[in-house]
Structure formats: C-alpha cells, structure tokens
Amino acid sequence: MTKLRRMVLDVLKTHEPKLTDLALKLCSLDGIDGVNITVYEIDKSTENIKITIEGYNLDYEAIKSIIESMNGVIHSIDEVAAGKKIVDEVKTPQDRY
Amino acid sequence: MTKLRRMVLDVLKTHEPKLTDLALKLCSLDGIDGVNITVYEIDKSTENIKITIEGYNLDYEAIKSIIESMNGVIHSIDEVAAGKKIVDEVKTPQDRY
Amino acid sequence: MTKLRRMVLDVLKTHEPKLTDLALKLCSLDGIDGVNITVYEIDKSTENIKITIEGYNLDYEAIKSIIESMNGVIHSIDEVAAGKKIVDEVKTPQDRY
Amino acid sequence: MTKLRRMVLDVLKTHEPKLTDLALKLCSLDGIDGVNITVYEIDKSTENIKITIEGYNLDYEAIKSIIESMNGVIHSIDEVAAGKKIVDEVKTPQDRY
Amino acid sequence: MTKLRRMVLDVLKTHEPKLTDLALKLCSLDGIDGVNITVYEIDKSTENIKITIEGYNLDYEAIKSIIESMNGVIHSIDEVAAGKKIVDEVKTPQDRY
Amino acid sequence: MTKLRRMVLDVLKTHEPKLTDLALKLCSLDGIDGVNITVYEIDKSTENIKITIEGYNLDYEAIKSIIESMNGVIHSIDEVAAGKKIVDEVKTPQDRY
Amino acid sequence: MTKLRRMVLDVLKTHEPKLTDLALKLCSLDGIDGVNITVYEIDKSTENIKITIEGYNLDYEAIKSIIESMNGVIHSIDEVAAGKKIVDEVKTPQDRY
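Chains as they are written, first to last, in the working numbering: chain A, 1 to 97; chain B, 1 to 97; chain C, 1 to 97; chain D, 1 to 97; chain E, 1 to 97; chain F, 1 to 97; chain G, 1 to 97.
One or more hints might be untrue.
[As the list claims (entries may be wrong)] From the structure, some residues in chain B lie toward chain A, with a derived Cβ separation under 7 Å:
1) Glu61
2) Ala62
3) Lys64
4) Ile66
5) Ile74
6) Ala82
7) Thr92
[Unchecked claim] Per label pair, the in silico range of CB-to-CB distance:
8) Asp21/D with Glu41/B: 43 to 53 Å
9) Glu68/D with Tyr56/F: 27 to 37 Å
10) Asp95/B with Glu61/D: 48 to 58 Å
11) Lys3/E with Asn48/G: 50 to 60 Å
12) Val73/A with Lys64/E: 30 to 40 Å
13) Glu61/E with Glu41/B: 27 to 37 Å
14) Lys44/E with Glu41/B: 51 to 61 Å
15) Pro17/D with Tyr56/F: 55 to 65 Å
16) Val73/C with Tyr56/D: 26 to 36 Å
17) Tyr56/F with Val73/C: 39 to 49 Å
18) Lys84/B with Lys64/A: 53 to 63 Å
19) Ile66/D with Gly31/B: 52 to 62 Å
20) Val73/A with Asp43/B: 51 to 61 Å
[Said to hold, decoys possible] Using 16 Å as the maximum straight-line C-alpha spacing, the simulated EDC-like pairs for lysine to aspartate or glutamate come out as follows:
21) Lys3/C with Asp33/C
22) Lys25/G with Asp59/G
23) Lys91/D with Asp10/C
24) Lys84/A with Glu61/E
25) Lys91/C with Glu89/B
26) Lys91/B with Asp10/A
27) Lys91/E with Asp95/G
28) Lys85/E with Asp30/G
29) Lys91/G with Asp88/F
30) Lys91/D with Asp95/C
31) Lys3/B with Glu61/B
32) Lys91/B with Asp30/A
33) Lys18/F with Asp59/F
34) Lys18/G with Asp30/E
35) Lys84/F with Glu89/D
36) Lys85/G with Asp33/F
37) Lys25/E with Asp59/A
38) Lys84/G with Asp30/F
39) Lys85/B with Asp30/A
40) Lys85/A with Glu61/E
Keep in mind that the hints were calculated from the coordinates and are not lab data.
All values derive from a computational prediction rather than experimental measurement.
We put the beta carbon where it would ideally sit given N, CA and C, even for glycine.
Use the sequences and the hints to build the structure in full.
Put into structure tokens, the structure is as follows:
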C-alpha cells in the first residue's frame, strides 16, 4: 500500500477559528483516522501549533487547503510516514549526542 | 467519526468550589469518558490547573460553561484530538533540542 | 459514571500512627481499590507524604476524616480523576520546558 | 481486601548474614510473593540496602523481626501499598520540578 | 532469512520534490513495509533528513536510485538490521556515559 | 517458593577466559534460565563486569565457584530477588533526587 | 539450553565492504535470528560500529571470522547473554549515579 499514513506539520495560525474547529474540519477528510493539534507558542495575534495526522490515505493538498482556509500557514513538514505500516523514526547515536 | 476526543485546558480558578466537585461536574456531561485535573500552582486565592478530558464527543462550549460556572477561566487550549482514534503528538527533532 | 476514581493528596502527619496503619484504614473505606503512600520528607516529629488512592467511587470527606483521625493534615489535592475510565494527565510543550 | 501489598524499607545491616540469606528468610513468611534487595552503599562494616516486598498480606512486625534477627535496622518505611490492587505513586508537577 | 529488514539513512536533498512524494516513491518498491522521513535541518535550498525504512527484503541499490532521482544524496548509512527478526541496538555502559 | 530468582554481581576478572565461556559455564548450572554479562571497564589485564543471573533456583556458592575458577572475584552483590515472582526495585523520592 | 543468545561487539572496519553486506553475511550463519549494525563514528578511512547479534546458538569464532574477512577488527565484546531466555542487564544504584 503506497499511501501516506502520518504527517506532522508545523503551522502558524491566527487565534480564530478555534483549534477545535480546525481539528474537526481536518477529520472530515477521507482517509484520516485521527488528528492531534498541540500548541507550542501563543502570541498576541497568532499561535504556533504542531498538527499530527494519522490515517490510511492522507491527501496533502486537501489538508493544506483546509489549513489555509482557516487562516493557517504550513511552515514545514516535520515528518511523514507511508506504507503498509506506520514506521517510527529510529534513534541513532548521531541524534543522541 | 469527526468528533472531539481529547482536550487539554490551562485553567485558573479560585480555591472554591473544590477540584473534586469540578471533576464530577465535568464528568456528568454527555460524551465524556474521563476527566483528569492536575494542580500546577497554588496561590493565596487562586490555583492554576490543567484539565485533560477524554471521550467520544466533547462539547467545548458545554465544558467552558461548567468551568466558568465554577469560578474558572480557560487561559488556553493546549491540545485537542479528534477522529476515530486518539492520536498522540509525535515528537520530532525540532522539539527535542 | 460520574464518580471519583483517583485522588493524589499532599499530607503532613506525625510519625505515629504508622504508615501501614493509615494505608490499611483508608483501604477499609467503600469504593477503594488500592492506596499508595510514599514518603517525601522525614523530620523529627513529622513526615511529609503523598497519598495516591484509586477506586470506583472515592469519598473525599470520608478520606479526609480518616487522615485527620490519624494525626494527618491535607496540605493540598494535587490531582483528581473522575469518570468511566481513569484519564492520566497529558504532557504538553508548556510542561516540558 | 484491606491487606498490605507492598512495602519499601530503607535498612542498615552488617555484611553478615548475606543478602541472599536475608531475601530467602523474608520469602519464607506467609503472604509474600517476592522480595527484592538492592544495595545502595557499602561501608567497611555495614551496608545500606533497600528492601522491596510484594505479596497479598504483608505483616510488618514479622518482617521487622526477621530483619532485626539478621543484624539489620529499619531506618524508614519509604512506601507502602494496600488494597485489592497495588497502586503505584502518581507523579505530579510538584515532584517533577 | 538473510534479508535486509531495516535501514536508517542520513540524506541531504533539495526542497523539491516534496517529502511526501519521496516517501510514496520509496514505498512503491518491492519488499518494503513502511517508510518514515524525519526532517533534521532546513536550509535555504536544502534539507537534512533521516529516512527509516522497514520491510522484509530491502534493496539498497534500488533505494539509492530513487533517492538520487529525487535530488537526494545519501551521506551515510546510520543503521542496518537483517535477519528473521528486526533486532534493535542494545545500549551498553559505554554508550551511556 | 523460597528460592533465589535473580542475582546481580559486580565482578573483576582477567581477560581470559572469555566472557562467552563464562556465560556458557554459568548457564550450565541447574536452576538458571539466563545469564547476562555486561562490561563496565576494561584495563590492561582486567575487566570490570556486571553479571545478571535469572532463574528459578540460584545457588550462590555454585555461582561463586564457577566465577573464581575462571579468574574472577566477586566485589559485591548489588541486587538479589527471591520468591514466587521476581520483584523489581521500586524507585522512591529518596532515590530520585 | 547452554547456548549464546546475544552478543554486542565494538568493531572498527574500513568503509568497504558496506554495512549491508556485513549484516547479510552475518545473518547467513546458523543459529542467528537477527543482526543490527549501528554506526558510532565515521572517519576518513574507517568507521566505528556496534554489532548486536541475537539468535539461539551464536558461534563467536564464526562471527569473528566473518568480521575479519570483511576488513573489521573486534575491539571488545561489550555484552553477552546465554541461556533459555535472553536476560537484560538490570540497572542498579551504582550505575545510576
């Protein structure tokens, strides 16, 4: 199965619409099992969030459209996983030190 | 299932009513499986708490009403999760360093 | 089920009666599955302990009565959990840094 | 079940009798499932050990008698658990910082 | 089974094509169960990524071809696992200090 | 069952005979399920190792004989466990700080 | 079963032959379930690697022959496990501080 299974996005958004609305909207897309939004920094008018999405067939363009339609900008894709199973990053000595 | 499954709230409240009463009141809402309240700081007249709520269909406005009716103010939503399964935040190298 | 499931208490007590007696006494209450008492500091005449109680229906007033009847004072409630399942606190970036 | 299930003891003993003999002797008591003895410090004539005992009905006085009969002194009880299930201490923000 | 089961690669690539495309392309190879790509550093024109690939028969030359065809260069192989089961590295005291 | 189940030994030995031979020899004793030998320090003529032995009936004197017959000296017993189940040491606040 | 089950080796090798070839060659030996090779340091002409081998009957001399035939030198054996089950090293207070 050559499908996207996990995506971790670094996003900047305005305070409105609320995180709960953004999470629900993303979950309404096909191929998504769950969405986690974690807040990293809150400024006067914006907040820096990390969005973790898992599913069986993620569509990056559709995800991006929803985020932008809700006043968000994707700063970077921090992690992606694809395939029959979700593989986690393996720590190696280079990361540890 | 495009429902809210987890919410983590940073809340400031007066000492009364007690944490036990606030936890029980929140649990009485439909769609909630469990509530955890952890104390972060205690001042003379207020306490800073973190509320973690998990369930199959969380209603933010109803949760907010109960917290406010018990002398609490939501400072920020720190994390939300939605969907068929509860997805945890995935740590990436950006967070680790 | 809108019942209290876990309670973590910060307690100061005199050395007597012993921790083993306090733990057994708390366990004799209805609705309690288990009690853990961990010692944090021992002074000449007092000790600072943390009591973690889990069960299916905790009664704060009954617990408080027993602690006070055994020369203990509850300094603070540090955590409570209520509901159908025991939810643990979720760590967020705000806690980590 | 209002019985003692776990006990963690801080003990000072002479080098003789050996740790293996002390562990076996404690296990011979009724109501004990297992004993762990971990060494913290070794001095010329004494050693500081931590004894962790788990079971379904621990008898503090009997445990104390055995330890004393083998040249040990209990400095403090560091943790006790009682009840139908063994509850572990829950870490709270107060402990972490 | 003397097959490659896991490979961790340190790779430098240009921003285009996107990580999602690289992950999907690698998953289309035979013998691969899943691919994880984690971003370590982002510069103006390049990004440093770690690719973790797991499967039942990895083909290093085929993997290398795909990475190079998508503007990537393998800096180093950081870990490989082969055999009937995927063995993780065991930490020893030499690593810990 | 009042038997020894785990023993952790701090041992100094000469480089010969090899660790693999010592591990195999210890495993040939009755009542032993497995042996782990981890190297802590290597000097010109000696090495400092930690031996962890688990089983259903460990015999300290027999273990000591084998170690000494292979040019090893037991510096200390660092941990023992006995009983129906292998109990691990429980961390308490005293250890953490 | 008095057989070797795990071996952790600290090895220095030239860059060629590749890690993937070394891993596959080791796996072709009888009695081996899996091999992990992790890179610790890369120099101009050599690399320092850790090889973790697990199986049901490891043959140290055969393993050493393969490593040497592929331009590697075993610096030290860092850990071995033998017996019916693979026992992990148990951390004791001496290691923690």
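| When the hints from earlier in the document are held up against this structure, which numbers fail? | 1, 2, 3, 4, 5, 11, 13, 14, 15, 18, 20, 24, 32, 33, 34, 35, 40
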